[in-house]
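Protein sequences, first through last, are from chains G and L. 1 is the number of the first residue of the first sequence in this note's numbering; add one for each residue after it. 1001 is the number of the first residue of the second sequence in this note's numbering; add one for each residue after it.
Any given hint could turn out to be false.
Some chain G residues near chain L, calculated using beta-carbon distances under 8 Å [said to hold, decoys possible]: (1) T80; (2) A95; (3) K112; (4) L127; (5) G175.
DSS-like mimics (lysine-lysine), calculated; alpha carbons at most 30 Å apart, straight line [claimed, not checked]: (6) L:K1042 - G:K163; (7) G:K163 - L:K1142; (8) G:K100 - L:K1035; (9) L:K1142 - L:K1042; (10) G:K166 - L:K1035; (11) L:K1140 - G:K166; (12) L:K1161 - G:K164; (13) L:K1140 - G:K100; (14) L:K1140 - G:K163; (15) G:K100 - L:K1006; (16) G:K164 - L:K1140; (17) G:K164 - L:K1185; (18) L:K1142 - G:K100; (19) G:K166 - L:K1006; (20) L:K1010 - G:K164; (21) G:K166 - L:K1042; (22) G:K164 - L:K1142; (23) L:K1185 - G:K163; (24) G:K166 - L:K1010.
These are calculated hints, taken from the structure and not from any lab test. Even for Gly, the Cβ is constructed at its ideal location relative to N, Cα and C.
This is what each chain is made of:
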Amino acid sequence: MIYLKIFLSFMQIGLFSIGGGYAAIPLIQNQVVEVNHWLSLSTFTDLITIAEMTPGPIAVNSATFVGLQIAGLPGAIIATLGCIFPSCIIVSILAYVYYKYRNLSTVQSVLKSLRPAIVALIGSAGLSILILALWGENGFSFNFTDINFSSLFVFVVGIFILKKFKPNPIYVIGGSGILGIIFYFITY
Amino acid sequence: MKHNFKTYIKLFTSTFYISAFTFGGGFVIIPLMRKKFVEDLKWIEEEEMIDLTAIAQSSPGAIAVNASILVGYRVAGLLGALITVLGTILPPLICLSIISMFYTAFKNNAIVSAALKSMQAGVAAVIIDVVLSMGNDIIKQKSILSIIILIISFISVYFFKINVIYIIITCIILGIIQAFLNNRKDDHNNDLPKNIS
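Go ahead and model the full structure; you've got the sequences and the hints to work with.
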């Protein structure tokens, strides 16, 4: 029965976390720490740290972590499936609706006014990550000595390479990691 | 498009590969998907990709999972969606299972954190690059309303931390009002052909 409980609990997280990413954290905390007592608050904080440092969405990562802790690998799989189940149903329906009706002029008009907003959202996310990379947890300041210069170097070179050679972004991200390790050994 | 075995394999390997590199979740996956499915494979158009991002953002669940479902559905129907979801959730599932076993060693490793810190800057470069090219497309359309929406949305999300859902709802309402106004204009000029842009 624990499996059913895990599935339903993560299904709620999947269903109510609209907007993805950070929006999911309070929901996960509520289900995992407060309602079901599966993790202590400090393990939960560790979980968020891991979830942010590793690939994949936070909700999926926490589902795997919590499922594994309380019911082994089957638990991890069931928690993950529960978490993506609402998306699979709702988004498939929306995809169907989009491709059926996207040529209607009203839908065209709605999509046209949504596009710039979506670009702005992505821009805002990008700027937040950039500021985190350059200034760290404390955020932006005019004190430019606080800037992490190796990160600044990686960012500038990254933008240059992306604009100039249009490579697969994955190589830029992977290359940044390698540069980080090189800088670590140089400054160590 | 032919839905042969090769398409399914390509869908799976592409999403698996992309998911393995989306550190931090959220919008990070969009530039990677755009590169793969719009620029390399040409399975999806540029504007369509932005529309899919809008749907992924406004639906419940993780953006990466939602975007994968949409891309899979677009390319190969429901079976495609199933395959891309699998490709997207497997890397975090494997990665997290391994890491949660060695968590303390991983957390305290200076080399790992140096690499991760530097990758943040790389991710920032990737996102800013894609925003610049998408923003350029929008500004080129020379629609004042679009540019105003772009600026106001950015300010309200970045500086005022307004919930994204409100911005999306506002834009939907704006779009409906505009469609309504355009239709009324068309009714006044019934002999003119309907202009769908």
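So, going through the hints one by one against the coordinates:
{"no.": "1", "hint": "T80", "result": "6 Å, holds"}
{"no.": "2", "hint": "A95", "result": "4 Å, holds"}
{"no.": "3", "hint": "K112", "result": "6 Å, holds"}
{"no.": "4", "hint": "L127", "result": "6 Å, holds"}
{"no.": "5", "hint": "G175", "result": "7 Å, holds"}
{"no.": "6", "hint": "L:K1042 - G:K163", "result": "19 Å, holds"}
{"no.": "7", "hint": "G:K163 - L:K1142", "result": "23 Å, holds"}
{"no.": "8", "hint": "G:K100 - L:K1035", "result": "25 Å, holds"}
{"no.": "9", "hint": "L:K1142 - L:K1042", "result": "26 Å, holds"}
{"no.": "10", "hint": "G:K166 - L:K1035", "result": "9 Å, holds"}
{"no.": "11", "hint": "L:K1140 - G:K166", "result": "21 Å, holds"}
{"no.": "12", "hint": "L:K1161 - G:K164", "result": "33 Å, violated"}
{"no.": "13", "hint": "L:K1140 - G:K100", "result": "28 Å, holds"}
{"no.": "14", "hint": "L:K1140 - G:K163", "result": "18 Å, holds"}
{"no.": "15", "hint": "G:K100 - L:K1006", "result": "26 Å, holds"}
{"no.": "16", "hint": "G:K164 - L:K1140", "result": "21 Å, holds"}
{"no.": "17", "hint": "G:K164 - L:K1185", "result": "45 Å, violated"}
{"no.": "18", "hint": "L:K1142 - G:K100", "result": "28 Å, holds"}
{"no.": "19", "hint": "G:K166 - L:K1006", "result": "26 Å, holds"}
{"no.": "20", "hint": "L:K1010 - G:K164", "result": "27 Å, holds"}
{"no.": "21", "hint": "G:K166 - L:K1042", "result": "15 Å, holds"}
{"no.": "22", "hint": "G:K164 - L:K1142", "result": "26 Å, holds"}
{"no.": "23", "hint": "L:K1185 - G:K163", "result": "42 Å, violated"}
{"no.": "24", "hint": "G:K166 - L:K1010", "result": "21 Å, holds"}
Checked against the numbered hints above, the structure violates hints 12, 17 and 23; every other hint is satisfied.
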